[in-house]
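Q: In the order they appear, the protein sequences are chains A and B. Under the UniProt record's numbering, think of the first position of the first sequence as 1, with each following residue one higher. Under the UniProt record's numbering, think of the first position of the second sequence as 1, with each following residue one higher.
If you are wondering where the hints come from, they were derived from the structure by calculation, not from laboratory data. We treat Cβ as the ideally placed atom computed from N, Cα and C, and that holds for glycine. Keep in mind that the hints are not guaranteed to be accurate.
Unchecked claim - Derived contacts from chain B toward chain A, CB cut-off under 7 Å, selection only:
1) V38
2) T199
3) E406
4) V410
5) Y411
6) S414
7) R498
8) S595
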Amino acid sequence: MSIPERRNTVERLDRPSAYYVGKNKKRRYNEEPEEPKDPMEGLRDATTLYVGNLSFYTTEEQIHELFSKCGEVKRLVMGLDRYNKTPCGFCFVEYYTHQDALDCLKYVGGTKLDERIIRTDLDTGFEEGRQYGRGKSGGQVRDEYREEYDPGRGGYGRAYADDQRRREEEEYGAGR
Amino acid sequence: MADHDRRNHGHRGGRKRRYREDDDYDRRQRRRYEEPLVVKVRRQLLTIAESAARRAEDDALSIAKSVSENYEDEELRDNFIDISLDLILEQPMKIPFIATTVLTANTIKSELVADVLKRTAERLHHNVNAGAWREVKLLLRFLGCLQCIFEGDGVFTILEELFSRAVDLQTASSEDLIGLELVKIILYTIPYVMASPATGFESHALGLLEKTDIIASTPHTLVDLVNPFGPESDKSASIPSVISLLQSQLQAESTRGWELTCLPRPWNNVRDGDEPKRLEDGPKHPFPEVTVPNPVRNGSRAIFPEVYLSVYGDQDIETVPPTSNITSSLLRDALVDTINIMDFNRIATAKFLIDLDCYFTPNIFVKRATPFDKLRDLPGDRPTWKPEDVAVDAVFSQLFQLPSPEHKLVYYHSVLTECCKIAPAAIAPSLGRAIRFLYRSLDSIDLDLSHRFLDWFTHHLSNFGFTWKWSEWVDDLELPLVHPRMAFITGALDKEIRLSFAQRIRGTLPDPYQELISEGKEKDTPDFKYSLDTTPYANEGREIMQLIRRKAADEEILPLITAIEEQATSLGVESPILPSTDAFVTAICFVGSKSLSHVLSCIERNKDRLLAIGPKSPAARRQIITSVMEYWVDQPGIGINIIDKLLNYTIITPLSVIEWALVDKLEAGAILAKTHVFEMISATVGKVTNRLRQIVAARTQSGLYEPQLSVLDETLTREKKDMHSLFQVIEDSVVSVAGGSNDQLMERGDGSGDLPEDEIIRQWGKRWLRVFRRKAAVEEAYITDTMANATPVGTNAPTPPALVEESAPADAFGDGDLDVADADADGAADIL
Chain A
1 MSIPERRNTV
11 ERLDRPSAYY
21 VGKNKKRRYN
31 EEPEEPKDPM
41 EGLRDATTLY
51 VGNLSFYTTE
61 EQIHELFSKC
71 GEVKRLVMGL
81 DRYNKTPCGF
91 CFVEYYTHQD
101 ALDCLKYVGG
111 TKLDERIIRT
121 DLDTGFEEGR
131 QYGRGKSGGQ
141 VRDEYREEYD
151 PGRGGYGRAY
161 ADDQRRREEE
171 EYGAGR
Chain B
1 MADHDRRNHG
11 HRGGRKRRYR
21 EDDDYDRRQR
31 RRYEEPLVVK
41 VRRQLLTIAE
51 SAARRAEDDA
61 LSIAKSVSEN
71 YEDEELRDNF
81 IDISLDLILE
91 QPMKIPFIAT
101 TVLTANTIKS
111 ELVADVLKRT
121 AERLHHNVNA
131 GAWREVKLLL
141 RFLGCLQCIF
151 EGDGVFTILE
161 ELFSRAVDLQ
171 TASSEDLIGL
181 ELVKIILYTI
191 PYVMASPATG
201 FESHALGLLE
211 KTDIIASTPH
221 TLVDLVNPFG
231 PESDKSASIP
241 SVISLLQSQL
251 QAESTRGWEL
261 TCLPRPWNNV
271 RDGDEPKRLE
281 DGPKHPFPEV
291 TVPNPVRNGS
301 RAIFPEVYLS
311 VYGDQDIETV
321 PPTSNITSSL
331 LRDALVDTIN
341 IMDFNRIATA
351 KFLIDLDCYF
361 TPNIFVKRAT
371 PFDKLRDLPG
381 DRPTWKPEDV
391 AVDAVFSQLF
401 QLPSPEHKLV
411 YYHSVLTECC
421 KIAPAAIAPS
431 LGRAIRFLYR
441 SLDSIDLDLS
451 HRFLDWFTHH
461 LSNFGFTWKW
471 SEWVDDLELP
481 LVHPRMAFIT
491 GALDKEIRLS
501 FAQRIRGTLP
511 DPYQELISEG
521 KEKDTPDFKY
531 SLDTTPYANE
541 GREIMQLIRR
551 KAADEEILPL
561 ITAIEEQATS
571 LGVESPILPS
581 TDAFVTAICF
591 VGSKSLSHVL
601 SCIERNKDRL
611 LAIGPKSPAA
621 RRQIITSVME
631 YWVDQPGIGI
641 NIIDKLLNYT
651 IITPLSVIEW
661 ALVDKLEAGA
671 ILAKTHVFEM
681 ISATVGKVTN
691 RLRQIVAART
701 QSGLYEPQLS
711 VLDETLTREK
721 KDMHSLFQVI
731 EDSVVSVAGG
741 SNDQLMERGD
751 GSGDLPEDEI
761 IRQWGKRWLR
771 VFRRKAAVEE
781 AYITDTMANA
791 TPVGTNAPTP
801 PALVEESAPA
811 DAFGDGDLDV
821 ADADADGAAD
831 IL
């Protein structure tokens with residue numbers, strides 16, 4: 001007799017995020033139609049997590065302290081501003097086992113570190129170069145356009161702040 | 001946040017994506033359609049009983065009607081059966097409501113119920129064979145609720161069969177635990193049968209209870225091992241075993257006509273229009289045939305005796321059902337299963353816990369979030385049980401489960417965090433009372449559990465702005481540093497700082513606590529002792545530091561090491577390698593003080609020299625640990641982290657860590673009060689036992705033959721011996737503290753060993769002993785149990801069929817081989 005199939009009655013928290021799935025989808029859309037891919041492909045044995053929404057001031061030690069609650073941390077790579085080489089609010093955490101990474105998604109993702117709700121996402125693995133922000137000014141893209149003031153992440157978004165400044169200057173000029 | 005970003009930048013992708021998804025195919029038109037029946041039934045079924053605003057019985061009737069009246073609709077029927085069974089196995093609190101749906105369907109279309117029973121039997125069969133006892137329990141609970149539709153004895157047939165297996169197992173071995181598990185299943189099924197619409201089974205139930213009594217009431221040899229309080233504590237006796245408690249509660253209930261007040265009876269309240277529906281009148285079915293293997297085996301979850309712990313047991317007003325009432329066991333069982341099954345969605349778990357009163361007889365609880373002080377004002381005949389206390393109590397029972405809970409401890413932390421987020425006003429005060437109980441128990445609770453408490457407490461606070469009423473413990477600051485409460489306070493502040501930073505934590509503390517946060521804790525970079533000229537070998541120390549900083553080659557460092565050693569020799573230092581090691585390691589710590597990555601790359605660059613120190617002398621190996629821990633004396637969390645990495649590099653050995661703490665630095669036992677030392681020793685022991693478990697896993701994998709069998713077996717034998725000697729060192733040094741025979745302890749104070757602090761330290765010794773003796777016993781049992789099924793050494797591969805010759809066994813071995821190949825290089829052999 002076959003093993004009776006069992007499906008989860010509520011959503012699982014240890015699945016790749018919409019971001020990861022969406023990223024794959026986009027690629028597929030632009031290229032020639034191919035076999036639909038399983039979103040878990042490439043992540044089946046993933047031991048690395050992308051961790052986002054960190055404060056720029058959160059240290060490796062703090063990250064280690066929290067993330068080692070899910071298993072021994074093999075490697076921790078801080079995300080850095082491409083130009084200043086200072087932390088820019090994300091990191092990669094690598095565990096020894098896939099299960100530890102899944103447990104981390106389930107138990108730590110969406111909880112607080114350094115008093116901020118952090119985001120975790122399963123990742124295919126760290127590669128040299130990925131530790132740098134991909135935003136125009138060196139940080140993360142999301143910190144370019146952010147309209148809210150976030151003291152933990154350098155205030156307003158950089159592009160947004162520049163834009164504001166320019167507009168204010170123009171208005172000031174117009175008033176004269 | 002993430003959504004917001006995407007909207008802003010992805011205007012192209014964002015809009016187009018909508019049309020790509022099948023679900024959203026032509027939205028506007030879809031809205032005019034009625035929801036397809038199968039979607040409606042799915043939704044009704046999945047959310048049954050979740051809302052207090054809807055009558056679950058009405059949904060049960062509606063689902064039963066929809067599926068029965070459309071019996072030919074295969075998709076609908078399959079969905080109904082599969083989801084029902086998935087819910088039974090995943091959301092056990094809904095079982096009576098699923099059963100009501102099925103009982104109702106039986107009165108309309110009994111063929112549907114025959115299908116349900118067939119599929120239930122398949123799953124039951126599968127789980128019985130797999131030894132998945134929790135699943136077996138839940139499926140039997142479902143069948144138990146359906147008792148009235150079965151011919152003959154129904155569910156009692158299989159309960160009797162399980163009992164006879166239990167008797168066989170118990171007779172074969174007094175240490176048997178699977179038999180106890182079977183009895184537990186029987187006992188947890190009986191109340192659901194007795195609360196079901198079936199009548200006339202009182203004598204069946206009583207008969208079974210008389211038989212289970214002897215097994216359930218005899219304390220298991222291991223039950224003391226899992227008691228959250230040590231054998232000397234007066235609290236220890238108040239912790240009953242789950243199974244003996246349930247046995248006596250059921251016996252008491254049988255004399256009260258099986259009231260079982262807490263269990264819901266949705267089957268009694270199904271109304272069609274104004275007509276009450278009699279569900280027991282539907283057609284009868286034969287009880288599904290399920291054979292129980294003989295002997296039964298256990299699945300992947302290790303079984304240990306369980307005890308009933310409540311953190312609300314000693315209050316002047318009852319906020320949770322007392323152990324004299326069967327409600328305590330029935331609620332706890334359903335909640336614990338829900339918590340442990342649902343670990344893949346902690347938010348859903350928390351929701352179930354908060355909504356607990358939806359799934360049981362509602363009037364046994366006070367209204368949600370009723371403040372504790374208001375309970376006093378309630379009239380005497382009204383219940384005072386707080387649903388949130390019952391929920392929180394269940395989570396703590398798992399967090400404090402010995403030897404270890406089903407999931408990582410952080411899962412239970414996260415459930416409490418989510419509960420607190422969903423219903424802060426209800427949950428926070430309950431947690432407060434739990435914390436106070438645990439704090440008061442600090443001197444008697446198992447040491448492992450007091451560390452779990454510490455770890456949870458600080459992690460929890462870190463999620464809620466580090467707010468705690470520290471003022472209420474101010475008086476305890478007068479206690480000696482080695483007092484368990486003082487140890488807890490200092491340990492908690494240290495852990496809080498590790499998750500945050502000193503200045504932030506300082507800001508959360510009332511004045512009397514300020515002095516506990518030393519200036520050193522606020523320093524990102526601790527001072528380099530060789531900066532002071534008064535430090536011996538200051539010049540050399542500084543030069544070594546400069547060389548390490550500019551990543552100089554080892555040849556450049558060597559002359560300075562030699563210089564220190566020569567000076568030391570001329571000064572008559574017995575082991576000149578100690579001062580040179582101190583300078584070298586302290587310099588690495590200082591240069592790497594910026595972050596963990598920095599110190600790791602420093603270690604990496606100087607790995608060869610570090611690796612060469614160990615083999616020269618055990619004292620030098622321990623000097624490495626001393627240097628690290630002294631450099632990070634104000635932030636021991638960072639120190640133990642570095643020690644952990646040094647173990648991975650095999651620069652130091654597990655044994656050296658144990659000897660450093662429990663021999664060199666024992667300080668007549670005072671070190672046993674330090675929380676970070678316990679953490680360090682536990683982590684080190686954990687590393688060794690994990691490794692051994694990996695070797696056991698490699699040794700017991702199937703398809704393994706000679707010569708690999710012998711290779712792995714030798715590795716196992718050798719490393720097991722190493723593990724024993726590690727535990728022996730802990731035993732030998734701690735036992736002298738516990739017994740008060742430690743030489744230094746005898747010399748303290750007036751030498752009488754009768755100072756108040758001496759007694760506290762002896763208690764620490766006893767608590768340490770209990771933890772590591774248990775750990776040793778658990779690991780030993782694990783190895784014995786797992787090895788029982790291992791292929792014996794000397795087994796050769798069967799002559800394989802020509803084609804598959806290469807692939808199967810070699811592949812299966814692949815992983816294990818890699819792990820064990822570097823066993824020697826791992827340095828664990830050094831333990832000897």
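Q: With reference to the structure, classify each hint as holding or not holding.
A: To see whether the hints hold, each was checked on the structure:
1. V38: violated, 15 Å
2. T199: Constraint on B:T199 not satisfied, violated at 32 Å.
3. E406: Because about 12 Å separates B:E406 from the closest Cβ in chain A, which is outside the 7 Å limit, the hint is violated.
4. V410: Given a least distance of 4 Å, the restraint on B:V410 holds.
5. Y411: Hint on B:Y411: holds, closest Cβ of chain A at ~5 Å, below 7 Å.
6. S414: holds, 5 Å
7. R498: Check passed: Cβ of B:R498 comes within 5 Å of chain A, closer than 7 Å.
8. S595: Given a least distance of 4 Å, the restraint on B:S595 holds.
Checked against the numbered hints above, the structure breaks hints 1, 2, 3 and satisfies the rest.
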